[in-house]
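Number of protein chains: 4
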Amino acid sequence: MNELPQQVQNMLAQLQQLQQQLQSVVSQKMQVEAMKKEAEDSLEEVRNAGDDAPLYKATGSVLVKVEKSRLVEELEEKKATYEVRLNALTKQEGKLRERLTEMQNKIQSMLSPQAG
Amino acid sequence: MNELPQQVQNMLAQLQQLQQQLQSVVSQKMQVEAMKKEAEDSLEEVRNAGDDAPLYKATGSVLVKVEKSRLVEELEEKKATYEVRLNALTKQEGKLRERLTEMQNKIQSMLSPQAG
Amino acid sequence: MNELPQQVQNMLAQLQQLQQQLQSVVSQKMQVEAMKKEAEDSLEEVRNAGDDAPLYKATGSVLVKVEKSRLVEELEEKKATYEVRLNALTKQEGKLRERLTEMQNKIQSMLSPQAG
Amino acid sequence: MNELPQQVQNMLAQLQQLQQQLQSVVSQKMQVEAMKKEAEDSLEEVRNAGDDAPLYKATGSVLVKVEKSRLVEELEEKKATYEVRLNALTKQEGKLRERLTEMQNKIQSMLSPQAG
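Chains as they are written, first to last, in our numbering: chain Z, 829 to 944; chain L, 829 to 944; chain F, 829 to 944; chain X, 829 to 944.
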């Protein structure tokens with residue numbers, strides 16, 4: 829079997845790097861989605877609680893009693909932060925997928941008979 | 829040593845796939861069993877609590893005070909959901925074990941002298 | 829280099845198995861010690877609390893208010909259970925270390941010139 | 829290719845050992861930094877709480893109600909302990925980095941043409 833031309837080898841290396849970047853972005857997205865889901869679940873639970881129901885918030889190994897209004901505010905802010913990060917990661921994912929497709933097309937055209 | 833016939837090689841590949849599926853189902857079962865056990869322990873603890881004993885429920889890093897009756901209901905629902913999932917996984921496990929035994933018998937009969 | 833006699837090879841295999849068993853027992857001991865330490869820390873914290881200080885106990889994601897006396901009792905029972913398990917594991921560890929030393933001595937004497 | 833002189837091989841082994849020690853110190857530093865950050869976050873949360881806001885402290889699976897002043901004291905002590913450990917680890921890191929640079933320089937000078 830003939831060795832691949834140097835140019836194709838370089839492109840395959842770039843392809844692999846793009847795939848690793850994509851994998852990392854996808855796994856970050858899953859983590860942020862899980863944290864957003866948790867914030868949303870907490871938010872729902874807090875909203876369903878009676879207005880005078882005692883509410884606590886855990887920070888490290890400490891529990892502090894908090895006002896419902898303040899807790900709702902904090903959780904909404906948390907949720908918004910996760911949404912911003914999710915949007916950024918989704919954009920990154922899209923760009924990486926585009927570049928991957930381009931790279932795959934280039935490699936295929938270089939390996940096709942016309943290019944041989 | 830002679831190489832195995834292609835048909836046997838294919839069956840060995842299928843056997844390996846079935847074993848991996850079985851392993852995944854068994855490990856899912858163990859996870860669901862652990863979550864069911866946790867729900868049962870919580871349920872017992874809540875039932876043993878006095879009817880007016882303060883009870884809290886953790887969602888993410890938030891603790892919300894809940895009524896005993898509502899908490900019992902939620903935990904029973906949780907437990908029931910885990911039981912449904914456990915039953916489904918146990919059925920899947922049984923079918924996979926059957927198919928594994930069949931596959932092993934087929935391979936053995938193909939490798940036995942009469943089949944050689 | 830000469831191959832080791834079959835008997836020595838068997839003993840080396842047994843030696844390796846003993847070492848793995850020892851490793852597993854030692855790591856179980858460390859886990860139980862950590863859980864015992866946690867029970868002791870909780871116990872100290874609960875004892876230092878005022879007799880009418882509110883105390884809660886976590887089971888899964890549920891927090892139940894408990895009486896100081898009952899909590900102390902439960903934690904002492906927990907601690908005692910861990911101590912029983914620790915003693916059993918320490919005995920197992922001792923026996924495994926003895927058998928390992930014996931096995932190492934046997935192998936050494938078989939590999940020594942007088943035995944060659 | 830010529831084999832490396834024994835002395836250089838020894839130094840490369842030492843270099844590798846230094847790199848592993850450095851890695852271990854750096855990862856310990858990251859852990860202690862995370863715990864210090866958590867203590868600081870808890871401290872801020874507790875300080876922001878009203879003077880009569882109920883505060884709880886988790887030890888194992890037990891929650892004990894604590895006075896604000898005592899909790900602040902405990903968290904400040906925790907934070908100070910982490911700072912002491914961080915300083916010690918930072919010093920260790922600095923010394924290891926120095927020794928690594930020295931070792932790298934020695935190896936380079938031994939492999940340079942003048943030394944050949």
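Please note: incorrect hints may appear among the correct ones.
Identical copies look the same in the list; a pair holds intra-copy or inter-copy alike.
Unchecked claim - DSSO-like mimics (lysine-lysine), calculated; alpha carbons at most 30 Å apart, straight line:
| id | residue 1 | residue 2 |
| --- | --- | --- |
| 1 | Lys-919 | Lys-893 |
| 2 | Lys-893 | Lys-865 |
| 3 | Lys-896 | Lys-919 |
| 4 | Lys-923 | Lys-896 |
| 5 | Lys-919 | Lys-907 |
| 6 | Lys-906 | Lys-934 |
| 7 | Lys-865 | Lys-934 |
Hint data in this document are derived by calculation from the structure and do not stem from the laboratory.
Now for the hints, and whether the structure bears them out:
1. Lys-919 x Lys-893: Result: close neither inside a copy nor across copies, 38 Å intra and 40 Å inter.
2. Lys-893 x Lys-865: both (23 Å within a copy, 21 Å between copies)
3. Lys-896 x Lys-919: neither (35 Å within a copy, 45 Å between copies)
4. Lys-923 x Lys-896: For Lys-923 and Lys-896, the Cα distance exceeds 30 Å both inside one copy (41 Å) and across copies (50 Å).
5. Lys-919 x Lys-907: Result: close within a single copy only, 18 Å intra versus 39 Å inter.
6. Lys-906 x Lys-934: For Lys-906 and Lys-934, neither the intra-copy (42 Å) nor the inter-copy (52 Å) Cα distance is at most 30 Å.
7. Lys-865 x Lys-934: Neither. Shortest intra-copy (39 Å) and inter-copy (48 Å) distances fail the 30 Å Cα cut-off.
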